[in-house]
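2 protein chains.
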Amino acid sequence: MNPKQTSASSRWLNFKENNYIFSDLGFALDLSGIAMPAGFKSEMEPRLQKAYDGMQHLESGDIANPDEGRQVGHYWLRDPKLAPDLGVRAEIDSTIKRILAFSGSVHRGETRARPATKFTNVLVIGIGGSALGPQLAAAAMASPNDRMRMFFCDNTDPDGIDGVLTRIAAAAGGLAATLTIVTSKSGGTKETRNGMLEVANAYKRAGLEFNKHFVAITCPGSELDKLAIGEKWLDRFPLWDFVGGRTSIMSAVGLLPMALQGTNISEFLAGAKAMDAQTRSRETNRNPAALLALAWHHATGGAGKKDMVILPYKDRLELFSRYLQQLVMESLGKEKDLTGRVVEQGIAVYGNKGSTDQHAYVQQLREGVHNFFVTFVEVLKDRGNVAEGSAPFDVEPGVQSGDYLSAFLQGTRSALRDKGRESVTITLTHVDARMLGALIAMYERTVGHYASLVGINAYHQPGVEAGKKAAAGVLNIQNRILNELKRTAVPLTVDALAASVPELNDEQETIYKVLEHLAANARVRKSSGKDAYSAAYRII
Amino acid sequence: MNPKQTSASSRWLNFKENNYIFSDLGFALDLSGIAMPAGFKSEMEPRLQKAYDGMQHLESGDIANPDEGRQVGHYWLRDPKLAPDLGVRAEIDSTIKRILAFSGSVHRGETRARPATKFTNVLVIGIGGSALGPQLAAAAMASPNDRMRMFFCDNTDPDGIDGVLTRIAAAAGGLAATLTIVTSKSGGTKETRNGMLEVANAYKRAGLEFNKHFVAITCPGSELDKLAIGEKWLDRFPLWDFVGGRTSIMSAVGLLPMALQGTNISEFLAGAKAMDAQTRSRETNRNPAALLALAWHHATGGAGKKDMVILPYKDRLELFSRYLQQLVMESLGKEKDLTGRVVEQGIAVYGNKGSTDQHAYVQQLREGVHNFFVTFVEVLKDRGNVAEGSAPFDVEPGVQSGDYLSAFLQGTRSALRDKGRESVTITLTHVDARMLGALIAMYERTVGHYASLVGINAYHQPGVEAGKKAAAGVLNIQNRILNELKRTAVPLTVDALAASVPELNDEQETIYKVLEHLAANARVRKSSGKDAYSAAYRII
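So the protein sequences, as listed, match chains E and L.
Using our numbering, read the first sequence as starting at 1 and increasing by one per residue.
Using our numbering, read the second sequence as starting at 1 and increasing by one per residue.
Mixed in with the good hints there might be a few duds.
Since the list gives no way to pick out one identical chain from another, each pair is judged satisfied if it fits inside one copy or across any two copies.
Under the rule of at most 20 Å between Cα atoms (straight-line distance), these lysine to any residue pairs were calculated in the SDA-like manner [to be verified]:
1) K118 / N14
2) K305 / E344
3) K16 / R417
4) K212 / K232
5) K305 / E422
6) K305 / G455
7) K381 / G163
8) K381 / I540
9) K419 / A466
10) K336 / F15
11) K50 / P66
12) K336 / A171
13) K336 / R417
14) K530 / E17
15) K336 / L453
16) K273 / P66
17) K97 / G455
Rather than coming from a laboratory, the hints here were simulated on the basis of the structure.
In this text the structure is predicted, and so the values were computed from the model without any measurement.
Please work from the sequences and hints to get the whole structure.
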């Protein structure tokens, strides 16, 4: 046997040993591109057993988010009988039933804003966990049979909101035929509140009664919930404390928009439930989430030393990388471990889709800074809607577009391997609601297992408050500035404003940034100064 | 003075010293969030002077891409008189004129496929440099006044192509009113060729003559050029050897789609030309590209040690991070430096937009693995189409949606700074065609200067061929498999196929992957085996 043969045949053995096939799920996980040394798995096994224990406690209703004193119940959403509380079970069940009834009623034209106009468009207003899940699902499930057109408003950018409203106006039916879902778990998310107010104003400008178009998804009793009751919105759907934003796609947050679009949400939930059953296995080789968590640990040194590049070779999964960016980075990006030690954990995630990204940055992946591992997502079925018996469309004799897509994936994987760049390959037989549910469930569990392996809490986000507080401080400064400019009615410089009231002392940089923004929007006027910093501002 | 005051006032001094304002360009670069030590700039100055020399040579027509023996002339596209060759000048000029004439004729309905149908939709087929630029421009310039609706096909995913065709069918006019631009510099890009064939087939299925809808953008004499001539396409626009894909947005690749959408391409080019003039300055403090290259060098250790997170706080600039991902990673991700030493250079780039991304992964940025620096892109003007004299829309008394956007940017920046995370802030007064041109030009030059600082060539991409070759190998293997299965007409296993012909020896893994893909698309049939690897396959 010559060396080349040895290497090829050992590669085949390696592939057969490390390509984990889960036929019932239509799913395979190929770890042959991650060079885990012999013994690594058995060395990690005790920690995995601990992870399985932790997951069992979590699923049984332990307080897994101690910061907020919350249970972590996203696994209950697809298998309500797991929920330890009977009331919770009933609420999950009844919410799914109400979503099915409501979406059916909208589709049949029974629920509508005015007698003559059926709802044909859906606008979802939300941000973060309240937007990315529905956005992913809308793109992944899009088909010529969609029941409604989906639009999203996921920021407090007024120009961006105007852009969404322009696109809605251009769609059949326009705003009059648009059902708007406002999603905020806490009911107090400012970006979402602002989007809601801007969109309500657009309805008013169009002579429409916005409350007959608005639906709320929020925790019962929240500010948003009260508003929706007070303003007599079309409907309200509950969200619960035990569901984190980044894992809320299987609550009303994801299910209501999906059902309206025409996706089979029962199948979506069933796929997740089936995957959950598989990833509950204590036999590591039969647990894809545990296996993937091991691969992450090996590839990143258990310390985020490598970035995770996600490359689905399927246009409809393009947002999956962004979805994982949120799920992984918000769950794993933690300062302290469970013992309180500073560890600065996390894994950076990015990527769009193959083979498109090959033309953007595979140059660097293959030859440049070696700070990443790749996850290829392969989908075996090429196209959905080929009529039975229709001739295949060949781009060359016997070769189809999808063969190229597949060959580019294999080719890039092997070109990276030749340069010692590691990769995971996930193979899906096809993409449908059931598979999407399974895929998301697999990653949710992987994140949980990985967090356990590195000893951190995946279910809180203590670091996001500081930015919000600082933003509130900036708005407070803006308020002070405007008051001061109104009060004095003479032009004031940054330094003069800083000296004017205690709250503005030492805040020159923020004052300057606020004034610059107000001036650009014609809310204050800038007088000339010898430079930008000595200019004076006054109210217009 | 108490310590807090010292720190606040020194921050203000630091800001004033490091916030570089270029008023004529409506542009500022704030490097106060990058802790460059005193002396760093003067230490780097000799290398910058060398970078300026190199850029001068490049602009004068030196062979800056020695691999392909090519000049690098993207700066000429916006200032043709820089081109050393008179013929090149004339070609650039005449192409711009032809684009303006063609798009005007389409808008007036003079250029049309059939007498009754005006073109109202544009479909761009291209990948990498031939897609991302036009996609960025389409999103960044979108307005209610758009002359045509823009669609893109940027992959060889047949399901994705079907999806684009579904969306076109739903748009006013449908495919019959769609002008299709096929862009490939070499004229041989397989993804684009496949998209072209699939889309041409869709026109045929709809009873339309595709050649009356097709326009080619390619190097004269290419395979695609010959095809367009032979099939009598509507028109052809040239691309040149001296323009790299990732810097082709100011050639016909970007200009034709932009002009069709209704963007003022003369302003776009003028903005780039004005920025080029600024970034030609040999006075480093007056050269934003040089300053930014210094910041990159300091932040990444000149060795890609930190990722670059791009956060534009403006929905219409969301694709800018992807555009930079391509520009930066393909330019800087290089194995060897100019002396041939292995350096594995590059900077990983990712990001989407603020404040949306704050809800996705600022948790990790603030507290988790410290492997990045952030670039904030701030836009001062909040919304474009506010009618003169119309009342401002307040979300709270005196507070507008855009104030929140601005406050979230300032708040996040300060929360990151508190944790020692570095950031650059780019401020734009507004976004229009001129500003977009300037912004792109600034980054093109920064990449060039940075490459010079670290001693690599930014203008070639030697690493991308390996994946393409390997993909061609996979398709060759598929062909051999199909031939062998046809020839023997009995079911064969992976191992049997590998043993059957020399070209398949030792290729078991690839054979398995190819068979799995063919079976999922009903092109071969899989017989049961005791496991996936012992199954046999035959032609259906």
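Do the hints match the structure? See the list:
no., hint, verdict
1, K118 / N14, "neither (57 Å within a copy, 58 Å between copies)"
2, K305 / E344, "both (11 Å within a copy, 16 Å between copies)"
3, K16 / R417, "within (17 Å within a copy, 49 Å between copies)"
4, K212 / K232, "within (8 Å within a copy, 54 Å between copies)"
5, K305 / E422, "both (13 Å within a copy, 19 Å between copies)"
6, K305 / G455, "within (16 Å within a copy, 26 Å between copies)"
7, K381 / G163, "between (35 Å within a copy, 15 Å between copies)"
8, K381 / I540, "between (62 Å within a copy, 16 Å between copies)"
9, K419 / A466, "between (42 Å within a copy, 10 Å between copies)"
10, K336 / F15, "neither (37 Å within a copy, 32 Å between copies)"
11, K50 / P66, "within (19 Å within a copy, 57 Å between copies)"
12, K336 / A171, "neither (48 Å within a copy, 51 Å between copies)"
13, K336 / R417, "between (34 Å within a copy, 19 Å between copies)"
14, K530 / E17, "between (72 Å within a copy, 15 Å between copies)"
15, K336 / L453, "within (14 Å within a copy, 37 Å between copies)"
16, K273 / P66, "neither (26 Å within a copy, 56 Å between copies)"
17, K97 / G455, "neither (38 Å within a copy, 63 Å between copies)"
In the structure shown, a violation is registered for the earlier hints numbered 1, 10, 12, 16, 17, in ascending order.
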